[in-house]
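Visitor: Sequence:
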Amino acid sequence: FTVSHERVHKLHELLATAAIPLMTGLRNPSSAQLSEGDALISLSEVTESLLQEVLQLAPFGVDNPKPVFLVSSVRVASLRAFGRDKNHIEVGVSCERTGVTARAFDFFNSPENFKHAPTIGNPVRLLASIERDTYRGGLALRLADVLPSA
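First residue of the sequence shown? That's 1 in this note's numbering, and the numbers climb one at a time after it.
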């Protein structure tokens, strides 16, 4: 980009203002209304394309956490504990508007440990990261939390 000599003294202020959404991990300033999560998405946006965008941000770690999405307008379709000690959870969800389905899971967790315990048939919002499902193939959501629908 170019800056005219007359406006160069305002460049620092303009760049600092534009950087605020980026420094807070938000995709765009309109996402500032989110109470939790890095971006608001629908279940139909959980795609290979989104996963590839996320993977471009790797490597993930303490100073670079994996993005957590707020997935809205989903309904709990199934719920099951799995693992030898039944200490892992799988939540099948479907989009209330489109019918798109997805598998969400977490290890060493149970429904009552989330802010809002998922129950079959109830609408919820998910805080989750997107990843490749190495067990069943395709994509899955790694649950960070389950919230009541807005």
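Derived from the structure by calculation, the hints contain no laboratory data.
Please read all numbers here as calculations on a predicted model, not as lab measurements.
Please note: incorrect hints may appear among the correct ones.
Said to hold, decoys possible - Below, a list of computed lysine to aspartate or glutamate pairs in the DMTMM-like style, where the Cα atoms sit at most 20 Å apart: (1) 86 <-> 48; (2) 66 <-> 36; (3) 66 <-> 145; (4) 86 <-> 145; (5) 66 <-> 133; (6) 66 <-> 53; (7) 66 <-> 131; (8) 115 <-> 145; (9) 86 <-> 106; (10) 66 <-> 96; (11) 115 <-> 36; (12) 66 <-> 45; (13) 115 <-> 38; (14) 115 <-> 90; (15) 66 <-> 48; (16) 66 <-> 112.
Visitor: Each hint: holds or not?
Guide: Evaluated hints:
1. Distance hint between residue 86 and residue 48 is unfulfilled; the C-alpha atoms sit about 30 Å from each other, more than 20 Å.
2. At roughly 14 Å between alpha-carbon atoms, residue 66 and residue 36 fall within 20 Å of each other, so this suggested pair holds.
3. Among the hinted pairs, residue 66 with residue 145 is consistent with the structure: their alpha-carbon atoms are about 15 Å apart, no more than 20 Å.
4. The hinted pair formed by residue 86 and residue 145 meets the criterion: a straight-line CA distance of about 19 Å does not exceed 20 Å.
5. Restraint check: the Cα-Cα separation between residue 66 and residue 133 comes to about 16 Å, which is no more than 20 Å; the hinted pair holds.
6. Taken as a hint, the residue 66 and residue 53 pair is honoured in the structure, with Cα atoms around 11 Å apart against an allowance of 20 Å.
7. At roughly 10 Å between alpha-carbon atoms, residue 66 and residue 131 fall within 20 Å of each other, so this suggested pair holds.
8. The suggested pairing of residue 115 with residue 145 holds, with an alpha-carbon distance near 7 Å, which does not exceed 20 Å.
9. Between residue 86 and residue 106 the alpha-carbon distance is near 12 Å, which keeps this suggested pair within the 20 Å criterion.
10. Straight-line distance between C-alpha atoms of residue 66 and residue 96 comes to about 26 Å, which puts the hinted pair past the 20 Å bound.
11. Among the hinted pairs, residue 115 with residue 36 is consistent with the structure: their alpha-carbon atoms are about 12 Å apart, no more than 20 Å.
12. Taking the CA atoms of residue 66 and residue 45, the gap is near 17 Å; set against the 20 Å cutoff, the hint holds.
13. At most 20 Å may separate the alpha-carbon atoms for a hinted pair to count; residue 115 and residue 38 meet this at roughly 18 Å.
14. This hinted pair checks out: residue 115 and residue 90 have alpha carbons roughly 16 Å apart, not beyond 20 Å.
15. In summary, the hint linking residue 66 to residue 48 is supported, as the alpha carbons are separated by about 16 Å, within the 20 Å threshold.
16. Only pairs whose Cα atoms come within 20 Å are accepted, and residue 66 paired with residue 112 is rejected, the gap being roughly 24 Å.
Comparing the model with each earlier hint shows violations of hints 1, 10 and 16; every other hint is respected.
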